[in-house]
Structures are given as C-alpha cells and as structure tokens.
Amino acid sequence: MSRQYELVVDRIRCDGRGLCAELLPELIRLDDWGYPIISSGPIPDHLMPLAERAVEDCPVLALTLRRVEQGKRGGR
Amino acid sequence: MSTMRLLAGRTLSAGPEGFAEHAARLGPLPHAGRDLTEVVVRSGLTGRGGAGFAAGLKWRAAAARHAQALVVNGAEGEPHSKKDRLLMSTRPHLVLDGALLAARAVRVKEIVLYIGEHHTIARAAMEHALAERPGAERKHFRIAAAPARYVSGDSSAAVHLVTTGIALPTSAPAAPAMVQNVETLAHVALIARFGEDTGTVLVTMAGGVARPGVLEVETTATIADAIALAGGATEPPRAVLLGGYFGAWVEIGQAQGLTLDPVALRARGLSLGCGVVGVLPGSHCPVCETAGIMRYLAGESSAQCGPCFFGLRALAEASGRIANQGSNSEDLQRLQRWAAEVRGRGACKHPDGAVMFLQSALSTFGQEFASHQAHRARRTA
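Listed in order, the protein sequences are those of chains Z and Y.
Taking the numbering used here, the leading residue of the first sequence gets 1, the next gets one more, and so forth.
Taking the numbering used here, the leading residue of the second sequence gets 1, the next gets one more, and so forth.
Bound conformation, chain Y alone (with noise of 0.2 angstroms):
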C-alpha cells in the first residue's frame, strides 16, 4: 500500500496506530490555518457520513456563521456499516490530526468527539490516542456517546446532543457547529500533507459476500471489483443496496459496472451514503428483504413528528402485508402515495432516507412487488 491511503501501515489487526508510529509514518501535524478550507476545496472531498456534501464548502459555510463547536461523528448508527469504527480502532490520531485542522481552518476552540456508545474498542482507541497528544492539542477535544440509534448520527441530533445532552434531532439547532465525518476528517489529515486527496473511499461491504467487512478502494473500483476483493458473491446476486438503508436498490446487472465514486454515483441520481454495498443473494426475496428493513427504520423514527412516526409505521405495516400475505392493488397505490406525501415533512432527514430507499425497491422489484407471494415456508432475510 502506497501512503496516499488511510489504511496504509500496520497491519489492521495489529490495533491502533500509536501516535510515534503515525508521526514517523507521516510526519508531524502541518502547519496549516485558514488557508487549508481553499486546499480542500480543490481537493474535491466529499463528506463520508452519508449526506455527501462537498467538505470545504462546508468548512467557509461553518467559518461564515462562526462556528462554535466541531463535532467529529463517529456515531456510525448504520446497521451494517463498519468503517467508521475500523477507522478510529486502528488510525486514531488520523482522526486527530484530521479535526484539528478542521478546527483551526474553521476556528473552532471546541472538539466534539461523537462516538457510538456501544463502539467500545473505538472509543477506548480515540481515548489512548488523544492521551498520546501534547497538551495544547488534547484540551480541545471532548468525548461524548452517541446512543445506538439510527437517528443518533443525524447531523441536528449530533449537535443537539453535545450542546443540550439530548441526541434526538431539533428542528431549532442551539449553537452553531459544525458535523463532519471521522472518514471525512482522516482524508482531511493527508490532503493537508499531500495537497491532494487519496482518491480512495472506504466501503463496508455487507450481504452475500464470502468476506464481509470494511474495504479501501479507489474511487476508480467498480461495484464488481469491490465485490471480488470481498472475496466474491456467495451465489450469483439479485441486486445490489448501495449506501446503505437511507440507499438505493441497484439491480446487479447495472450495479457492477458502477464505480464507487461519490460524484459520479451522485450524477447519476445514486449515493455512496456511509459506504455500505449490501449484496442480496440471488435466492433471498427483495420484497421480503425490503419489508424489513421498512420495519426498522419504522422503529427508529424518534416519534418526534407525526408524518414520521405514524407515516413509517403505516409504510412498514403495507409492506410488511404484501411480502407476508402477498400483493394487493390498495397496499401499493397507498405505499407511492404515502412514500410521496412523508418526504419531506420531517425535522430531521429520517423520514426522507427511508421513503426513498422504499421508492427505489418500488422502482427496482417493481414486478416482485406487484406479483409478490407469501412464502410458504418463512425464508431467512
């Protein structure tokens, strides 16, 4: 592995990177002010949380309305995803590095390191690493928990929680601050070093692979490749769910050739999200599939907005119909028209990620949908 990659050095399953290690490896932390927001700008970094937003134009936004605070997500509340916690177990003062730069860029004096509460190993990682740093450093950082709910990394929740202790999303943020990825921040940790980025992004491959788990590739990878250096499908795959359940259904056929480029995923109407590539198997229902997953995402609504709450609930109980009793005309005119009258009418994003995942599966198995029967034995999802 060359350095232009987060995962260069050790070996994974060695731990975490100690701070000498990283120091001999890369050098010390760049001398870098204001100035690096324009660096990467240029770069082209897009956020890895899944929202996809250009970074540096985020870091002038956030410098514009005076930002008060950065907060570092590392919730990672994705149900398959694992990246962002391999991340902070082995490169932690990637992370480090990567924040207080941002910090400095956007001047911000306080740093929130967010952190899955059940993401032990990663916050016992981050926690020895920033006792490895001087002083100066380490007094900007705090750690806060992140509960283990889907909602718990929504940029307003995140916010919301290190300046109220509450982490549900508000449709009101109190201080203004500033949410970046820890994938996002450790590519910053190299541009600042390099002046260009790796070109690489991390992906958590899921599903009907002989390998799952966390993989870095270069944007240029296709769908295909990813699944290869996961070792290859099980069987033969139906379909591919690209970033993961705020996603999108792709069939196989389109989905390999597909590079795992967040701009070019995003000009064709599709997102990386937070990197997940779940693989279905080509004997798994994607009605079935698609059911429960509707099913979760119904119950990690935070019950705050009602076209959310009660809008979900009813998506999930119609789906949850068709794929167990089998397809009726009424369920599927109400899950279009339900899907189209939810988007939008929430505080936070949650409603939004879960209708359009529920529209691509529409669009993508609309013939299983329309034709789908119940099982006579209950299938394994």
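Isolated chain Z (complex conformation) (with noise of 0.2 angstroms):
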C-alpha cells in the first residue's frame, strides 16, 4: 500500500488568506471567517498534486503534510 498523507494547519500561522480553499477545493472550504475548513482523513491519491501545490503556495506556511499513522485517521 501506498503511503498516506492528511492536511494538517498550524492553526496560530493560518491568518486566513484562502489560497488553499481556491486552489484544492476539493478537500478545504472556508468558514465564515475565512479560515480553512479540512476535510478529515488520508488524501485521495489524484489530488495529492494539488495538496503538495497547496501547502508549497501557503503565503504563511501554515499549510502542512502529515503522513497518516496506522490506525489513526482525521486530522483537523
């Protein structure tokens, strides 16, 4: 099996720019804020490009990749 990877945010850099949400809406929508909102558990192989485009384009490098443990899911 392929290794897995979740999104995770550093919740005190995060200052609420939305590029992630523009650019992997798939798995990030925003809150009413404008703050980040991620969808739990392991990145879908095919969007694992734009995942690696969105934490590399994070203005704050808030945006992070976590390898998923075994037997744990979600992030947050």
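In short, the hints are calculated from the structure, not lab data.
Positions of the beta carbon are idealized from the N, C-alpha and C atoms, including for glycine.
Do not rely on the hints blindly, as some may be mistaken.
[Said to hold, decoys possible] If you want a taste of the chain Y side facing chain Z, the calculated C-beta under 10 angstroms gives, among others: (1) L168; (2) S171; (3) P307; (4) F309; (5) A314; (6) Q333; (7) R334; (8) R337; (9) A347.
The task is to assemble the complex, starting from two chains supplied on their own in separate frames and drawing on the hints.
Dropping the structure here:
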C-alpha cells in the first residue's frame, strides 16, 4: 500500500488568506471568517499533486502534509 | 476524617500544615522510584485539572519521551474553581511530596510550581513549605506565576511559559515536559504511602447553594449528596453545570443521582473536569446564563487562532442576541453550525471546550433557546 497523507493546518500561523481553498476546493472550504476547514482523512491519490501545491503556495507556510499513522485517522 | 483523605489533619481554617506536622501525621516521603508509575496506573488515579487523563499512563508516556521538567499545575484559571488554591494553602507538603515522587518516577530533575499570579495565599504557603524542605529536595523546584487568564491553565500554555516565558498555548511545545494538576499530585503522595487511592475528589460547589466552597467527597457520593453537604440548594435548582465552563449542563433530575466519580461520569459522556459543580437556581434563566458564559469564554481566547477568536466571538454575539432580543431561527441555526465548525480548529482546547459547553446548553435547554423572549427587567445572572 502506498503512503497516505493528510493536510494539517498550524492554526496559529494561519491568517485566513484562503489560497488553499482556491487551489484545493475538493478538500478545503472556508468558514464564515475565511479560515480553512479541511476534510478529515487521508488525501486521495489523485489529489496529492494539488495538495502539495497548496502546501507550497501557502503564503504564511501554515499548511503541511503529515503521514497518516497506522490505526489513526482524521486531521483537523 | 480518616488519614485516607487529602484534607485530613488540622482544621482547614488553621492555615497551612507545616512540615513537622505533615511528617508526624503521614510519615516521611516514601522511597519510591520508577516502580511508582505502575502503582499509580493500578490505583486508577485520573488527572484532576480538567482533561481527566489517567495519571499513570501520562507518566509512562513522559518517561518514554524523556520529559525534562514536571510542571505542577496550580494555575486554576477556572472562574469558580477554588480547590487547587485550597489544597496549596492548607496541605502544601502533600503537593510537594507528590511532585517529588512523580519527578523521581519519570526521572525529571526540574520541577516548576506553576501558580496563578493572583493566588497569593497559595503561593506564600507553597514558598514557605519549600523553605521547610531539605536542600536536596528544594533544589529541584522553582516557582512560575501563571497569568490570570483562562487559557493559562492549558497544559501547552503551561509548558510554553516555563520554557520560554510566554503563557500562551502553542502548536509546537519546545521542551518535553509533563504537566500534572496539584490535586492529582496530592493523591500521589497518599498512593505512594498506602498503595491505593483515597477514593475521594475535591469539588468546588458554586451557584445556588447555601455554602459555596470546596468539599472533599467520596467518588460514591452523588451530586445530591454534595448539594446537601454544601448546606442545600437556596431554591429548587433547574440544572447543574458540571465541570466548570468547559463542562456540560445537566438537568437537575438527571444530575442529582450522578456520582462524582470521574470514570463513571466519563462513561456517561460527561466529565467532572476541574471539579466545579455549579447549581443553577430555578429562577435564573439558562439562556441568559449561557450567553454570559459564552461572552466570557470568547473574551478569554488568546486570539492566536482565527477559528477560535472569530468563531467564539460570533457564537457569543448570537447567544447574546437570543438572550437580549429573543429567540430567532437564524441565530439558532448559526449556533449549531458554527459550534460544529469551530470544534477541533485551535492550537489548544479552548475553542473545543467552549463549543462543547454551548452544545450542552443547546441540547439541555433546547426548549428555552427556541422560545426565549427578552426579559422585561434585566435579571441578575
């Protein structure tokens, strides 16, 4: 099985620019104040390139990829 | 009172128990090392700061990741809680014993007494108690003042303060440290001596009771027992807020029979939290009471994370509109949606605690929230 990743937001760094939700609307939507709400669970393989792009392009470097540990699921 | 109580010994109004009296009553600090961890695991002791995590399991984990410091959490930022202060002010050596035992078991050299900056009596008692201890014990300790903010007691905030001087929650704690509440450690002092836990909890009775204050009760005692011990309710209660502002509202009919047992409460989806039992008198409006607490919790956000800062403020404003102007379906729907969205989206547990409190209010007082009308005269909350 291939490695699985999930998106994690550093909530203190994040200041709600909203770029991530534009790049990856499949997994990220914004709340009423412009802060990202990430779908929980591993990122589907076909969305990995977009997820990597979102991580790289976050202007405040608040978004990271984290390997999903065995038996653990769901990020925030 | 038997010896197997935290508050056994001299009457509480007589002030802090000195070292000689403490040692005469309970004997010297037991010789225990790493083996104490398994004794604590078997005792079933749970943390008394709020999260209720099993103490022995925390010790195992701390030893495994080579924790550098033990933070003795006496910040007690919960508005109605008084039990940690009472314990430090009256039985300081019990807390010091527990801290030394935990530090030896987990093998940390540095112990930080993290005490609320305004808890001057507690701090003075702890300082005096430290001065009475042998130098070989005293050298491990230092004292840090916890800023008087709700989030100061958050364990990541506590670690952040003692390692960097900043008492704000953080997403990346610097040095690994173990944080344990003062009451938890006082229990350890007795477990190390007697091999088992006291089977008691410290609770702070607040709100509509004749004698608000701290009680030490058996975990088999019910909330009705605790209300009776606090002199009885001042008027027939409507509900109980169990566990402080991060706790949950429980209808009085259901609450009365609940035992003050952290494990049993958890099994019912409730939590004893920091041990505050707030009694809501029947004449008080639960909607207005809830809105007031939400306003407080929103103001206590450390404003570092957007979902917490903006989300809690919006939730407090919507609750306030319902309280002040009467119920409306838009705000009710917003409360439900925002509460679900905010949860889990902060660096610390502040937003989670606040929305869980609000969700318990919406489910316990659903009728009142749906039909609330503005009160003609302003009530005192």
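Hints, verified against the model:
1. L168: Check passed: Cβ of L168 (chain Y) comes within 9 angstroms of chain Z, closer than 10 angstroms.
2. S171: holds, 5 angstroms
3. P307: This hint holds: P307 (chain Y) lies near chain Z, its Cβ roughly 5 angstroms from the closest one there, short of 10 angstroms.
4. F309: At about 8 angstroms, which falls below the 10 angstroms cut-off, the nearest Cβ of chain Z leaves the hint on F309 (chain Y) intact, so it holds.
5. A314: Interface hint status for A314 (chain Y): holds (7 angstroms vs cutoff 10 angstroms).
6. Q333: Because about 12 angstroms separates Q333 (chain Y) from the closest Cβ in chain Z, which is outside the 10 angstroms limit, the hint is violated.
7. R334: holds, 9 angstroms
8. R337: holds, 9 angstroms
9. A347: holds, 5 angstroms
The structure is inconsistent with hint 6 alone, although it conforms to all the rest.
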